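Residue numbers (full-length UniProt numbering), protein chains in the order written: chain L, 1 to 136; chain R, 1 to 136; chain G, 1 to 136; chain U, 1 to 136; chain P, 1 to 136; chain V, 1 to 136.
These are calculated hints, taken from the structure and not from any lab test.
Zero decoy hints are in this set.
Cut-off 25 Å, straight-line C-alpha distance, at most; resulting in silico cross-link-like pairs (SDA-like, lysine to any residue): (1) LYS5/G / LEU133/V; (2) LYS5/G / GLN103/P; (3) LYS49/P / ALA102/L; (4) LYS19/V / GLN125/P; (5) LYS49/R / TRP38/P; (6) LYS49/L / LEU6/L.
Some chain V residues close to chain R (C-beta under 8 Å, calculated; not the full set): (7) SER82; (8) ILE87; (9) HIS88; (10) THR91; (11) ASP101; (12) ALA105; (13) LEU108; (14) ALA109.
Just so you know, these numbers come straight off a predicted model, no measurement behind them.
Positions of the beta carbon are idealized from the N, C-alpha and C atoms, including for glycine.
Residue-level listing of the chains:
There are 6 protein chains.
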Amino acid sequence: MATVKLWTDAEVDAAPAVKAVFDDIRATRKSDFVNNFWRGLANDPPLLKRTWESLKAVMMVDGALDPLTREMIYIAVSTANSCSYCIHSHTAAARARGMNDAQHAELLAVIGMAGQTNHLVTAMQIPVDEAFLVGG
Amino acid sequence: MATVKLWTDAEVDAAPAVKAVFDDIRATRKSDFVNNFWRGLANDPPLLKRTWESLKAVMMVDGALDPLTREMIYIAVSTANSCSYCIHSHTAAARARGMNDAQHAELLAVIGMAGQTNHLVTAMQIPVDEAFLVGG
Amino acid sequence: MATVKLWTDAEVDAAPAVKAVFDDIRATRKSDFVNNFWRGLANDPPLLKRTWESLKAVMMVDGALDPLTREMIYIAVSTANSCSYCIHSHTAAARARGMNDAQHAELLAVIGMAGQTNHLVTAMQIPVDEAFLVGG
Amino acid sequence: MATVKLWTDAEVDAAPAVKAVFDDIRATRKSDFVNNFWRGLANDPPLLKRTWESLKAVMMVDGALDPLTREMIYIAVSTANSCSYCIHSHTAAARARGMNDAQHAELLAVIGMAGQTNHLVTAMQIPVDEAFLVGG
Amino acid sequence: MATVKLWTDAEVDAAPAVKAVFDDIRATRKSDFVNNFWRGLANDPPLLKRTWESLKAVMMVDGALDPLTREMIYIAVSTANSCSYCIHSHTAAARARGMNDAQHAELLAVIGMAGQTNHLVTAMQIPVDEAFLVGG
Amino acid sequence: MATVKLWTDAEVDAAPAVKAVFDDIRATRKSDFVNNFWRGLANDPPLLKRTWESLKAVMMVDGALDPLTREMIYIAVSTANSCSYCIHSHTAAARARGMNDAQHAELLAVIGMAGQTNHLVTAMQIPVDEAFLVGG
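Looking at chain L on its own, in the form it has when it is part of the complex (with noise of 0.2 Å):
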């Protein structure tokens, strides 16, 4: 159970802050279906369309990432944050957006390494090399 309110439609339907965002969630994606994630959000308008906006304009338009790439990136993160949610929810969107089982198979791969290294270097409390200071 979450630890506020998730919003049913008719209660974002009551609150016209609410359903503005929630009515381009819908037009956006092209989808009725809104996850949970914006139905906890909704307690807080400002907070829900600001959360909006920003997701929109980070990992729905064209730009230099392809949209698969930066939900992997995506899944990757909330991996290591022990977010499972956002597991669930990312792997779901790289799913629909063409992610295949090789490619599922290498990002978790990739995870796995960088949990290795990353544990391995901070035990070794590795210094940094100079030739990875240069540039920046």
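Using the hints, position chains R, G, U, P and V against chain L.
Relative to chain L, chains R, G, U, P and V alone:
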């Protein structure tokens, strides 16, 4: 300073099991430079060998994801794990594989966005939508 | 399910060192309810006693911060550590100490903001400004 | 050293989209000093602008929590995320907003206590009490 | 529910590369039971094989640390990483290797203590004493 | 630089509540050296006293685990929490308690292995096997 000895080239050359891995690192990367991570792992030759061979298998073969995408996923995990060395070394690796400023900027934006929503989701303890549990 | 036994009231009553702490928890909180955390710690009576006495000293005395502020700080740490139980129990405690919906919403917004900028700062490896190092 | 360029004032002045944000930072804070975080974000003007505007909306408006409480929550999250820069910058911000030594000491005590019980709870995998799931 | 398919025994038996690893898991552990982790990794046979072989080399050979100590270290890392599954599986493994209640209680106390001082140290940004930097 | 004052010996000597703890640290460890962590905690004498007494109770008494094992568990937690100071100080403590190079190498290998499988398990969201839930 590291919590382990960082092996010099002279020390490596005197230890055949370590030298064999360093030779392969240099040959594979077509560069004489071997960064400190491997000089720390040299204290445990079987761990050095296993880690290098896993890294080659995960990061340096043709696969379903292109090498730059894998490096960006590595940076994402390393950031959430707060591994300073890893962020430096894999940002250098990503740049060596062609990451331009626009791609780096988008990578950072996605990492920041994920950091934010990971925290919001966790603080609200949002339950996973059933729609995300189909398939698996 | 827990990895340790959760002590029932009957078990607690039969163990004087545990019962003494549970009696103090009940008296201090003016409530018969003792939550599962303490029922797990009961397996190690000295740890139970030390933890409860520290918690009282940190969270339940008059001090420089009001009790609600302390609970919100607790939620913030628990979120970044991804401790689901702790988020639930301290959100309940914060509500019991008067946290209203507007305060909860702001707490969430700050936690999310910090999550975002923590990740951005770490990914960019921003050096600490000298201005922040004055004093200490 | 950062993984991105930290913009000098001269570079900022030559880029109108960046300069507009820096001008607002200086005007809002009534100070000429702009810390390195923003000089790193300057590489991505839309991200710079979104992050600054979110930070203003979350941290610098009148709200349900006083500004010092918000800074202490920020420190709590940054500590659990091991973000050294963020701890330094927000401790400075908290002091600028009036945090005294006694308040800082209590903040540290709460953060430490939460760190301890977060780990104990997680290692014991304590199930959430039903009492904490009422409401939401 | 997992984000990947968990392979049944029938599916394993039909895939020789997977079956070879499962056969070795069963033979090494002298048990028919193969836990879900391996059934998830089965989707990527080379990753399955590498992970199992590393795990055997690290956890199941005679070495400088006894097997129970290694399992307790595993639990410690898994707790700080908030990996619920890993805590459950390695607590079971530690018990199977003889961990008694007193040892488990001490393990928890050390994990909790480390959690507390890690947070205190980080919030205070304590500089490393020169005495700790000798040697390496 | 720390975010708090690090107390000099002269300052400690002038504050009886702090001096009493420092005297006990020196007597217990049979060494004049008091590391920076305690010099930072000195700003809050009750926290200093509670932390030292807990540390003694957890790390420095005869118990079910030998002192070196406890130090290695401490390093494991500190690594996963990315606490650089803690890794340095507890690696020094482990070496003082007799940890040799082979034991240190195995500790690192286990920490790295756990880091890898923690990330793999979390990314795959593996459900806990029923076999691991028996007992508790």
